[in-house]
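Student: Read off the chains here:
Number of protein chains: 2
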Amino acid sequence: MHRALLLTALSLIALSALAAAPAPARQDQATLERNFDASIDQREMGDWLKTLAAEPNHVGSPHDKQNADLILSLFKKFGWDAHIETFNVLYPTPVNETVELLGDKPFKVSLQEPDIPGDTTSRSEQASLPAYLAYQGDGDVTAPLVYVNYGMRNDYKTLARLGADVKGKIVIARYGAGWRGLKPLLAQQHGAIGCLIYSDPSDDGYSVDATYPHGPSRPPHGLQRGSVADIPIYPGDPLTPGVGATPAATRLDRAKAQTILKIPALPISYADAQVLLSSMKGRVVPASWRGGLPITYRVGPSEPSVHLVVKSDWKQKPVYDVIAMLKGSVYPDQWVVRGNHHDGWVYGGTDPLSGQIALLEEAKAMGELARHGWRPKRTIIYTSWDGEEPGLLGSTEWAEAHGADLKKKAVLYINTDSNARGFLDVEGSHDFEHLANQVANNVTDPETHVSIAQRHRAKVRVDALEPKPDWDSDTVERVKADAKIAADPKRDFQIGALGSGSDYSAFLEHLGVPSLNLEFGDEGDSAGVYHSRYDTFEHHSRFVDPGFVYDALLAKTVGRLLLRLADADLPQQQAGNFYDAVARYYGEIKKLAGDKHEAADTQAKLLTDKGFDLADDPTKSHGAPITLKPVPKFEFAPLENAIDRLKKSTHGYDDAFRKNAAKLPDSARTKLQGIMLTLDQTLAPNMGLPGRPWFKNLVYAPGRFTGYGAKTLPGVREAIEDERWDDANKYAKLTADALNAYSARLDQATAVLNGK
Amino acid sequence: MHRALLLTALSLIALSALAAAPAPARQDQATLERNFDASIDQREMGDWLKTLAAEPNHVGSPHDKQNADLILSLFKKFGWDAHIETFNVLYPTPVNETVELLGDKPFKVSLQEPDIPGDTTSRSEQASLPAYLAYQGDGDVTAPLVYVNYGMRNDYKTLARLGADVKGKIVIARYGAGWRGLKPLLAQQHGAIGCLIYSDPSDDGYSVDATYPHGPSRPPHGLQRGSVADIPIYPGDPLTPGVGATPAATRLDRAKAQTILKIPALPISYADAQVLLSSMKGRVVPASWRGGLPITYRVGPSEPSVHLVVKSDWKQKPVYDVIAMLKGSVYPDQWVVRGNHHDGWVYGGTDPLSGQIALLEEAKAMGELARHGWRPKRTIIYTSWDGEEPGLLGSTEWAEAHGADLKKKAVLYINTDSNARGFLDVEGSHDFEHLANQVANNVTDPETHVSIAQRHRAKVRVDALEPKPDWDSDTVERVKADAKIAADPKRDFQIGALGSGSDYSAFLEHLGVPSLNLEFGDEGDSAGVYHSRYDTFEHHSRFVDPGFVYDALLAKTVGRLLLRLADADLPQQQAGNFYDAVARYYGEIKKLAGDKHEAADTQAKLLTDKGFDLADDPTKSHGAPITLKPVPKFEFAPLENAIDRLKKSTHGYDDAFRKNAAKLPDSARTKLQGIMLTLDQTLAPNMGLPGRPWFKNLVYAPGRFTGYGAKTLPGVREAIEDERWDDANKYAKLTADALNAYSARLDQATAVLNGK
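If you read the sequences in order, they're chains A and B. Position one of the first sequence corresponds to residue 503 (our numbering), numbered consecutively onward. Position one of the second sequence corresponds to residue 503 (our numbering), numbered consecutively onward.
The set of hints was computed from the structure by calculation and includes no laboratory data. Possibly wrong hints are sitting among the right ones.
Chain copies aren't distinguished; within one or between two, either way the pair holds.
[Said to hold, decoys possible] Keeping only pairs whose Cα atoms sit at most 25 Å apart, straight-line, the calculated PhoX-like set for lysine-lysine is:
| hint | residue 1 | residue 2 |
| --- | --- | --- |
| 1 | Lys970 | Lys1122 |
| 2 | Lys783 | Lys659 |
| 3 | Lys659 | Lys970 |
| 4 | Lys982 | Lys659 |
| 5 | Lys992 | Lys1112 |
| 6 | Lys1093 | Lys982 |
| 7 | Lys986 | Lys1131 |
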C-alpha cells in the first residue's frame, strides 16, 4: 500500500513534467525513468513467478496455455493492445523410453526425477515431462557405450588419437562445452547409433556447490531436458523453414526436415551415469576428459551393452505467442520489439520465468506511465513467446510470419530469458553497444550501490587476473584485452556477440534486425537445476535471486533501453563501436588462419617423422591424428579494404552526428531515421551461410559446431575452421560486400547529417 | 646360461680389440659398449629387486642395513674396491601419532596402510613405518581445519581473496604442485599450528587409473610418507650443515637447526581425507582447487575441530653409504662419480630400487669388462646412498666430507633414482647436454626400435600439440619452443635444469660439480604408490617396468655415459649448449620482470578503483588481494654483458675444439683437461644464495618455494619473484661475475686449443 501511494505521487510529478514539455528533453527522460522505476514491485514479481511456475509449463501442457492466457489478461489489464497468435508446429512428445545396461547385473536408468524434500513447488499435480530431448530420432538400439567427453568436434579428434571410434556404438557425452544438440548430431555423423547425455557433477553438480535442496547444484538424479533439433541449420518448426507455421503454410515431409536427428537420444542423471561409466573398459581418458564422479573415466566400450529406446508422438501441436502493442504517437511504423519466452521444461522457475516476470513488470510500468499520459513516440511491441525450449518455435514462426513488416519497421529487438543475481551481461549488435553503456551507467547495482556498468567493468578486470582453469591461451589473451578496455573509463565496455539459444535468432540472424540480449548473473546459480524438475519458484527465490532483486533490476535496465529507444528523436546507434568489434573479430580470424597454417605444417612434419607413433605408448590403444589439410594463403584483401572503409565511414558518421545531429531540421531527421532503421540489414544479404542459408547475417551467427556460442564473421571464420578454403575466399568477398553496403548506407546518413 | 656364453664370446672380441689399440678409437668404444650391453641381464636385475625390496628398508630398519651389506658384497664380487662409509645424523622416528575429527561423531584417521590382496610383497614380517613426515615439528594441537589446495604460495594469495586465513588453524593440503616440505613450512609461516597432507584421487588415485591392485593408482588408504625438512635451506643432517656428519663434526643444537619445522604434520589417505573434508564449512573453493573426491570442496574451517598429535624419537642414527671404486689407469685423479640411493620409505620397489638395480648391473658389467682386461682411464666411483628419503642425508654428508677432493677431481656426477617404462628424461649441467645427446643417439628404445633420442624428440613435439590442462600460458609457450628445437635434427634436444629431490644436490649446487640425472618414465606409472607401502616388487614389475626392460635400458644408457667419460682423451663439454640455456633462462627472467611490473600496475589501478570489492559477491566471504610492490627498473646491464661475453667465449671454445682438439699434443691436452675439469665450479662462488648460503650455484638451484622444481639464475629470478628488488640487482651483478669467470676459464681453454 505504501508503495502504491508513492507511485501515485511520483506519477503525478511525471505527468506534470510531460505536460510541460511534449518533446521530452534530457531532464524529462530522467523523470520518466524514475517514474518507471517506481512502478517496479519485486513482491508482485515474486507472486507472478509463484503462479506461473506452479505447474509444469512445457509446450502442450495445460499450464503453458493457462500461462499464455494469464499473460494476455495481464497485458490487457496494463492497458496494452494484446492478443494470442497461434502457430501449428511439429512438436514431438515422448511415448515410450528405456535406457538399460544389460548383462549379468542389469541396471535400468531412471527417467523421471524424484521429489525434493522441502520444495513444495516440485510436487505438482500435473505431469512433468520425463527425460527427453526434443527432435531426437526415435529408435530401439543395443550396443556398447563409448564415452566421448563433451561430444564436441575436438573430442572426436582426441578419440582418434586414443585409437577409439563410435561406429555402431551408443555414445555417452557429458553436458557442457557446446550446444546439447551437437552431441547426438556429431555422434550420428561419426557413425554412432544412439546417444546419452548426462550432467557431470564437475560441471553443475556437487563439485560446484552443495546439491539441491542444500545448495543450488544439481542433485544426483537431476536431469537436463532440452532440444536437440539441429537449429544451427534453422530454428523454429522443422517443417516450415523460412515461413510462419500458419495453417496455410506449405510443410515439408517430416523425413525431409533437415533439423530432426536420425538416432535416438536421451538425457540421464549422474547417479545413473556413474553406473554406466563404471562399466567402461578400454583406455583411461586424458585428464581434461575427467569429470567429478569417483571413478576412473575410460573411453569404453562398455561391457555389457546398453539398450536404448525412444518412441515419440510426432503430431503437430499449437504454440501460443502473446503479442502486445503500445502504439507510437509520432513514429507508429517504427517498432521497438521486446521478448521473453514463457514455456519451460518443467516449472521454469528461473528459465524462462525470471525474465518473464521482468517483462511483465516493465509492461505494467509502461502501462502506468501511459495511464498518466505518456505515449511512446515509437510503437512498442511486447512478445511472450511459446515453444522457445524445443527450438525457438514461437519467436521464429512469428518473425518469419511478420518478416516483411519487421524488416521495414523494427528498430531493435530486445531479448531476455533466465536471470540471476550478479553482474550485467549484454550481448548483441555492436552499433547499439554505446546505448547499452549509457543505460548501464544510469542503473544502480543494489549490492554495491555503484552503476551496473561500473560493477561489470570491475568484474571483467578482476576475471582477467584470475583466469579460469578451462581457458585456453587465446581466451586468456582476449580476456586481458577486454580488461584493458574495461579499465579505460573513456571507452565503452564491450558487449558480446550473439550466437543462439534464445529468441533473438530469427530477428538478428535471419532478418538482420539488430538485437540485444540482457541478463544479470554469475552470483545466483541456476545452472544446477537447468532444464530439470528442480528449476522451481523455491530454487529461484533461495539460490538464484532472493527477493527478486535482480529480476526487478532487469526490468529497470530493459525498461530504460526501451523508453530511450521509443522516445528518441535521433538514431541511437554509435557506429564506431561496430567497427571496433569487426576489426577485433577480423584480427581473431587472421590469427586463426596463422595458427591453422602452423598446425598443419607441424602435423605434416610430425607425420613424416612418425612422431605420433613414436610418442604413443605401444601397450595402449592409439591412433593417428585426423590429418589437417595444408593451408593456402587466403584472399583477404577485399575484406581488409572493406574494414578500412568501415573505419572511415563509422568514424565519419559518429563525428558528423556529434557535430550536427542536435541541430538537424525535422525533414533531415526523418530521412536520417529512415536510413539508420534498416542499416544493420545490410549485414544480412539473402544468400546466407554455406549449407545453412536461413542464417543470413554475415557478422553474427551461432557456430555450426558450437550451437549457442557465437561465430563472428562466420562465413569466413567457419570456412577456415572447417578447412573449406574456397568458401573462406568466397565469404571473405561476400562479407566485404556486406560491410561495404553498411558503409555506403552509413555514408548516406553522414551526408544527411552534414546537410548534403 | 646362453646369455653367459654369448658374453664370454663378445668379451674376447673386445679384449683383442683393446689389446690392438691401447688408446681406444671410435670403433673400440662401440665394441666396448656392445660388450657392456651384453652383460646387462634383466632377469638378474629382477632377482636383485625382489631381494632388496623384500622387507621395509627405510633408514634405521634392519633390512636397510642388510641391503647396504648386500650391495657392498656385490661390488666386491664384481671386482670393485668397496667399503661402507657411515655417518651419524639426526634422524627422527615416530613414537606416537593421532589424527582425529572431534565432535558428536568422532572419527579417527588410520595411520597405517592395510595389506593389498594378491601382493605378497606387501605383507612383510618386519614393521613398516606408519604415516610420517620426517623433520616435522612434533606437537599436540586441536583446531579447526582449513583446506589450502596444494598449500603453495599462490594458494595463500587465493585464500586471502576468499576472505580466509589459517592463523591458529590446522591446514589440510593435497599433495602435488610443489615439494611436500613447503606445505607445512608455508602453513607455519602463515600462522597455522598443524598440517595434514593427503593424496587427492585426482592427482594420483582413481581419477588417473584403476587403483592398486587392479591398476597402478593409489588405493583409498594409500599414504605418501616423506621428508619435510626445509632442504631448500640445506639438505643433509640438520645438525651439520656444510660438513660431513662424522663423529668429530661440530653439531648444532637441535633447536637451532634451521631445517626442522616447528609444527606437527602428518600425511593421510584420501579415504580418510574425504571424511575430514566433508566436515568443512565456509566458502566453496575455486574450480582449480577441486580434487577428485565426490564432495563439495570448501575452504573451511571445519566443524568440529581436528586433534593432531605427533611425537618423535630425535636420537642420532647411522646412515650407510656404500662406496666402490674402479681406479683410473691414466688419470686416476679424475673421478667420474655415479650414485643412486638404496633406502626407501617402505619396500622401495620403484623408488629407489629400480635405479639401484640399474646401478648394480652397470657395476657388474664394468667388472666384467675389467675382468677381460679393460681399465678405465679415469677413476670411476660408484655410490649407493643411504638416507636419501629423509633429506639426501647419505649423499650430502659424503659430498661435504669429501668436498675438497671432489672439487679437485670430480669430472661429473651422474645420478639416477626411480625408473619406469617410457621416455628418456635427462636433466643437469648444460655443457654436458651434447654428450647426453650423443649417448641417447646410440641407445635403442626397446618398444619402438629407434634411438631413445629420437623417441624423446617425438614425445616433446607431440606433447606440445596436446597441452595438459594444468599448463599455464608460459608453459605452453616454453613447450612449443622446446618442440621447435626437438624438431630440428641439427640441434641437440634440450635437457632440463636440476632442482632438487635426489642425490645430485650436494654435488651440483653446493660444490659446483657438474651433474646429470637420468631416468626413463611416463609410460610406467609409479606415482600412485609413491612413498607408500604399495611401492613393491609386485607393483613395479606389473605396472612400472614389466620385465625390467627400461631398468636395463637405464643401465645401458648410464653405462655409455660413464664409459665415454672415463675413457675420453678430451673434455666432453660442448659449451655452446650452456650459453643457449643461460640465454633462454635470462629471457624468462626478463619476461618475469615485465609480467611483475604489469601485474603490480594493474592491481594498483584496480585497488584505486575498488575493483576487487565491486567484483566480489557480497554474500560470500572475500578479502583484498595481497598487495604487490611497485616494480622498479632492474640493473640488468652487467648480466646482459656477461651473457654476451658468454656467447663469444662458448662459441670460441667450441670452434677451436672442433678445429684443433684432435691434433692437440699430449701436454696441451693435459692442460686442457685441467682447465675444463673445474670449469663449472666458477658458477658456484662461495657466498651462496640469499638466506641459504649452502646453495652456491648461481645458475641451478631448487626453488626456495618450489623445493624440487629448478630455479635457474636463482639469485636474480627468486629476488624478482619475492619482491626483493635490492637482491635482484645485487645478484644480477654476482651472477654476471660468475658467468664472466666461466667465460674467462673457457677463454684459457680456447687459448690452449689454439696453441697459445
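Student: Evaluate each hint against the coordinates.
Tutor: These are the hints, each one checked on the structure:
1. Lys970 with Lys1122: Answer is between: at 19 Å across copies they meet the 25 Å cutoff, but 32 Å inside does not.
2. Lys783 with Lys659: within (20 Å within a copy, 41 Å between copies)
3. Lys659 with Lys970: both (24 Å within a copy, 16 Å between copies)
4. Lys982 with Lys659: between (29 Å within a copy, 20 Å between copies)
5. Lys992 with Lys1112: Classified as between: cross-chain Cα gap 18 Å, same-chain 54 Å, threshold 25 Å.
6. Lys1093 with Lys982: Classified as both; 16 Å inside a copy, 17 Å across copies.
7. Lys986 with Lys1131: Result: close only across copies, 21 Å inter versus 36 Å intra.
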